[in-house]
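Q: Sequence:
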Amino acid sequence: MNYKSISYISILSFLIFFSFTLKSQTYKTKELPKPFYEEFTKKLNDSIPSIGSFIVSQNDRIIYEHYFHGANKETVFNVKSVTKSVTSILAGIARDQGMLADLNTPVLKILPEYDISRSQFKNISDIEGKMLHDSIRKTVTLRHLMTMQGGFDFTENSQLSRAMGLSSDPVKFVLDLPFEEYPGDKFNYSTGETYVFGAALSRLVKSNLKEFADKNLFNPLSLKIEKWDTNVLDRNLAGSELFMKPNDMLKFGTLILNKGKIGNNQIVSQKWIEEATAEQVKLDSWDVLPNANGYGYYWWRRKTNGHQAFVAVGYGGQIICIIPDLKMVITATCFLGEKNRGRIELKKLHGFIDEITK
Numbered sequence: 001m002n003y004k005s006i007s008y009i010s011i012l013s014f015l016i017f018f019s020f021t022l023k024s025q026t027y028k029t030k031e032l033p034k035p036f037y038e039e040f041t042k043k044l045n046d047s048i049p050s051i052g053s054f055i056v057s058q059n060d061r062i063i064y065e066h067y068f069h070g071a072n073k074e075t076v077f078n079v080k081s082v083t084k085s086v087t088s089i090l091a092g093i094a095r096d097q098g099m100l101a102d103l104n105t106p107v108l109k110i111l112p113e114y115d116i117s118r119s120q121f122k123n124i125s126d127i128e129g130k131m132l133h134d135s136i137r138k139t140v141t142l143r144h145l146m147t148m149q150g151g152f153d154f155t156e157n158s159q160l161s162r163a164m165g166l167s168s169d170p171v172k173f174v175l176d177l178p179f180e181e182y183p184g185d186k187f188n189y190s191t192g193e194t195y196v197f198g199a200a201l202s203r204l205v206k207s208n209l210k211e212f213a214d215k216n217l218f219n220p221l222s223l224k225i226e227k228w229d230t231n232v233l234d235r236n237l238a239g240s241e242l243f244m245k246p247n248d249m250l251k252f253g254t255l256i257l258n259k260g261k262i263g264n265n266q267i268v269s270q271k272w273i274e275e276a277t278a279e280q281v282k283l284d285s286w287d288v289l290p291n292a293n294g295y296g297y298y299w300w301r302r303k304t305n306g307h308q309a310f311v312a313v314g315y316g317g318q319i320i321c322i323i324p325d326l327k328m329v330i331t332a333t334c335f336l337g338e339k340n341r342g343r344i345e346l347k348k349l350h351g352f353i354d355e356i357t358k
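In the working numbering, the protein residues as written are 1 to 358.
Just so you know, not all the hints are guaranteed correct.
[As the list claims (entries may be wrong)] Derived CB-CB ranges, DEER-like:
hint : residue 1 : residue 2 : range
1    : Phe-121   : Lys-303   : 49 to 57 Å
2    : Asp-102   : Pro-33    : 47 to 55 Å
3    : Lys-303   : Asp-176   : 33 to 41 Å
4    : Pro-290   : Pro-178   : 31 to 39 Å
5    : Gly-129   : Ile-344   : 35 to 43 Å
6    : Gly-129   : Lys-186   : 16 to 24 Å
7    : Leu-166   : Lys-34    : 47 to 55 Å
8    : Leu-32    : Tyr-182   : 45 to 53 Å
9    : Asn-104   : Gly-129   : 24 to 32 Å
[Unchecked claim] Cross-link-like lysine to aspartate or glutamate pairs, in silico, DMTMM-like; alpha carbons within 20 Å at most:
hint : residue 1 : residue 2
10   : Lys-186   : Glu-156
11   : Lys-303   : Asp-284
12   : Lys-172   : Asp-134
13   : Lys-303   : Glu-279
14   : Lys-348   : Glu-38
15   : Lys-206   : Asp-96
16   : Lys-172   : Asp-96
17   : Lys-327   : Asp-60
18   : Lys-348   : Asp-284
19   : Lys-34    : Glu-74
20   : Lys-215   : Glu-226
21   : Lys-348   : Glu-39
22   : Lys-206   : Asp-234
23   : Lys-186   : Asp-115
24   : Lys-271   : Asp-102
25   : Lys-251   : Glu-113
26   : Lys-358   : Glu-65
27   : Lys-227   : Glu-211
28   : Lys-282   : Asp-176
29   : Lys-358   : Glu-31
30   : Lys-271   : Asp-185
31   : Lys-259   : Asp-60
32   : Lys-282   : Glu-181
33   : Lys-210   : Asp-96
34   : Lys-43    : Asp-60
35   : Lys-138   : Asp-96
36   : Lys-42    : Asp-60
37   : Lys-138   : Glu-156
38   : Lys-109   : Asp-169
39   : Lys-138   : Asp-115
By construction, these hints were calculated from the structure, which means they are not laboratory data.
Note that the Cβ used here is the ideal one computed from N, Cα and C, for glycine as well.
Turn these sequences into a full structure, and let the hints steer you where they fit.
A: Okay, structure coming up:
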């Protein structure tokens, strides 16, 4: 075989490969087949009585979108702990702007009003124990709080967490809790720790979180977020109670997919996105997160059919799932009420995500 024949075969092989690849990409991004769409929608409706919306976007194009039980594009949902992942991005923006220099900074350096040592008082019972508690508390850093490793003896969705929510100062409530572990030793999911981090972040950016978010995140993404609840001290709840439309969630997820960039505008640095979604804590088992593989800075990590996903998760079935190698963002919302079964909704929704990525 001569040189020209070899060249011809090489070029032909390349063209066949390119044509096949192009067809594969086109297939991946076209809308889901109608029978699958209808069957998938029926299963969602039947399996999750509280379902409000489910949207799938791939390559910046919506390939599945459906609203349930009276919801529509304008319906606003309480996204619960998805708020934590939004707070994570606000922290990244603050660091990009030089306001958040070092995550290893002890939180009491930023909130010194909570650093009141009992050693200055006399006749306190168990003074040694209280002073030990104070010394451990001084070692809790911003990084510990962002990775749920503060060490506090806290149980999520318990009477204790309810008491925190009703307290006159949730930040003080958390910082006064006893320690179950030394900071940095063990993952323990805690919305309370996020409240402490949020108060510190607000202090660093010299505004409440909603104002900072409007200027640096929501407005650049063309999101009109009208409601983000505060505690009794008028601090936005960094761990919960942010209200968003499904399309707001999709835009936020697309920002993460695009490594912090929308159009030509870099909202948050690619470096922060990569750091925040990296495995900062080893986590290979979590009851409502199948195939978990780590936790970042208020971002969950899991595998779906072998694809790495980064997930913002809120109680009762609020999800933003980003799957970079599929160029895909999936969002889901559920109504909170008597039809909502809490954590069951999350388990089922991850199963539906797996059906989409299969």
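Q: Confirm or reject each hint.
A: Hint check:
no. : hint                           : in the structure
1   : Phe-121 to Lys-303: 49 to 57 Å : 52 Å, holds
2   : Asp-102 to Pro-33: 47 to 55 Å  : 51 Å, holds
3   : Lys-303 to Asp-176: 33 to 41 Å : 39 Å, holds
4   : Pro-290 to Pro-178: 31 to 39 Å : 33 Å, holds
5   : Gly-129 to Ile-344: 35 to 43 Å : 41 Å, holds
6   : Gly-129 to Lys-186: 16 to 24 Å : 21 Å, holds
7   : Leu-166 to Lys-34: 47 to 55 Å  : 50 Å, holds
8   : Leu-32 to Tyr-182: 45 to 53 Å  : 49 Å, holds
9   : Asn-104 to Gly-129: 24 to 32 Å : 27 Å, holds
10  : Lys-186 to Glu-156             : 15 Å, holds
11  : Lys-303 to Asp-284             : 10 Å, holds
12  : Lys-172 to Asp-134             : 13 Å, holds
13  : Lys-303 to Glu-279             : 13 Å, holds
14  : Lys-348 to Glu-38              : 18 Å, holds
15  : Lys-206 to Asp-96              : 15 Å, holds
16  : Lys-172 to Asp-96              : 29 Å, violated
17  : Lys-327 to Asp-60              : 8 Å, holds
18  : Lys-348 to Asp-284             : 19 Å, holds
19  : Lys-34 to Glu-74               : 25 Å, violated
20  : Lys-215 to Glu-226             : 13 Å, holds
21  : Lys-348 to Glu-39              : 16 Å, holds
22  : Lys-206 to Asp-234             : 14 Å, holds
23  : Lys-186 to Asp-115             : 23 Å, violated
24  : Lys-271 to Asp-102             : 15 Å, holds
25  : Lys-251 to Glu-113             : 38 Å, violated
26  : Lys-358 to Glu-65              : 18 Å, holds
27  : Lys-227 to Glu-211             : 12 Å, holds
28  : Lys-282 to Asp-176             : 27 Å, violated
29  : Lys-358 to Glu-31              : 15 Å, holds
30  : Lys-271 to Asp-185             : 26 Å, violated
31  : Lys-259 to Asp-60              : 14 Å, holds
32  : Lys-282 to Glu-181             : 16 Å, holds
33  : Lys-210 to Asp-96              : 18 Å, holds
34  : Lys-43 to Asp-60               : 25 Å, violated
35  : Lys-138 to Asp-96              : 26 Å, violated
36  : Lys-42 to Asp-60               : 25 Å, violated
37  : Lys-138 to Glu-156             : 23 Å, violated
38  : Lys-109 to Asp-169             : 18 Å, holds
39  : Lys-138 to Asp-115             : 8 Å, holds
Of the numbered hints listed earlier, those contradicted by the structure are 16, 19, 23, 25, 28, 30, 34, 35, 36 and 37.
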